[in-house]
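Trainee: Next come the chains, spelled out residue by residue.
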Amino acid sequence: QKEVEQDPGPLSVPEGAIVSLNCTYSNSAFQYFMWYRQYSRKGPELLMYTYSSGNKEDGRFTAQVDKSSKYISLFIRDSQPSDSATYLCAMSNYGQNFVFGPGTRLSVLP
Amino acid sequence: GAGVSQSPSNKVTEKGKDVELRCDPISGHTALYWYRQSLGQGLEFLIYFQGNSAPDKSGLPSDRFSAERTGGSVSTLTIQRTQQEDSAVYLCASSLEDSFLAGGPPYNEQFFGPGTRLTVL
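Each protein sequence line maps, in turn, to chains A and B. Per the numbering used here, residue 1 is the first one in the first sequence, and the count goes up by one each step. Per the numbering used here, residue 1001 is the first one in the second sequence, and the count goes up by one each step.
Calculated directly from the structure, the hints in this document are not laboratory data. Be careful, since some hints might not be right.
Unchecked claim - Restricting the straight-line Cα-Cα distance to at most 27 Å, the calculated cross-link-like pairs of lysine-lysine (DSSO-like) are:
(1) B:K1057 - A:K2
(2) A:K70 - A:K56
(3) B:K1015 - B:K1057
(4) B:K1011 - A:K42
(5) A:K2 - A:K67
(6) A:K70 - A:K2
(7) A:K70 - B:K1011
(8) A:K56 - A:K42
(9) A:K67 - A:K42
Claimed, not checked - A short list of chain A residues far from chain B (calculated; beta carbon distances all over 10 Å):
(10) Q6
(11) T24
(12) N27
(13) S69
(14) Q80
Backbone N, C-alpha and C define an ideal beta-carbon position, used for all residues, glycine too.
Looking at chain A on its own, in the form it has when it is part of the complex (with noise of 0.2 Å):
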């Protein structure tokens, strides 16, 4: 079993959908838990992170964490074709331990 798992996708929705973003772990020892944006042939870039469990919100995006479950998730209400990009769950403890999933490619069309 991997460390981090995602679902690959790729998902498809059309503009104004909900999107739902997954990923589970395994190792109870991370704390903060982060969602990363990537265009295509760009590098990756930070679009929230959590601490502990619960939720936050940010605009369009929120994101939740159930410890208990070890399983984390994004939201993205009324989904925009600009929207469109790989999402990366990563997670970390308090030392060097940053693990990312392999991603979800993302496609909201007009």
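Based on these hints, arrange chain B on the given structure of chain A.
Mentor: Leaving out everything else, chain B in the frame of chain A:
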């Protein structure tokens, strides 16, 4: 302001040749990371530099891989005797400080360069 830059953007080489990949971090960033991204595999951590401390080389896949960081700024990743399985995008990231070691939140985020796409024929 200037972000993280990497060169070359693309590199095609023959099996068995050595390659050098360069990363220019954001000025003032003390932490620098190298990752490898293969299709469907996510980002694989390779090596980490923090200030003048000894680098964390725990992610390097073999002794054919090495990296240097001169003067706490520019870093070079060297792959000797390249193999076809080395083909991937090599990403560099820098951050202002390593907040993880300090036990703080990751608000000092890692800023990634555009990557170098390496193809070994």
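Trainee: With reference to the structure, classify each hint as holding or not holding.
Mentor: Here is what the structure says about each hint:
The straight-line distance between the Cα atoms of B:K1057 and A:K2 is roughly 21 Å, inside the 27 Å bound, and the hint therefore holds. For the proposed pair A:K70 and A:K56, the alpha carbon gap of about 17 Å is at most 27 Å, so the pair holds. For the suggested pair B:K1015 and B:K1057, the alpha carbons sit about 24 Å apart, so the restraint of at most 27 Å is met. Restraint check for B:K1011 and A:K42: the C-alpha separation of about 16 Å stays at or below 27 Å, so the hint holds.
A distance of roughly 17 Å separates the Cα atoms of A:K2 and A:K67; the hinted pair therefore holds under the 27 Å criterion. For the proposed pair A:K70 and A:K2, the alpha carbon gap of about 13 Å is at most 27 Å, so the pair holds. Restraint check for A:K70 and B:K1011: not satisfied, since their Cα atoms lie roughly 39 Å apart, outside the 27 Å limit. In summary, the hint linking A:K56 to A:K42 is supported, as the alpha carbons are separated by about 26 Å, within the 27 Å threshold.
Between A:K67 and A:K42 the CA atoms are separated by roughly 31 Å; this puts the pair beyond 27 Å, and the hint is violated. With a closest Cβ-Cβ approach of about 8 Å to chain B, A:Q6 is found to fall inside the 10 Å limit, against its non-interface label. For A:T24, the condition that its CB be more than 10 Å from all CB atoms of chain B holds, with the nearest at approximately 14 Å. A cut-off of 10 Å between C-beta atoms confirms that A:N27 is not in contact with chain B; the least separation is 14 Å.
Non-interface status of A:S69 relative to chain B is upheld: no Cβ of that chain comes within 10 Å, the nearest being about 21 Å off. Once the 10 Å rule is applied to beta carbons, A:Q80 is consistent with being away from chain B; the minimum gap is 22 Å.
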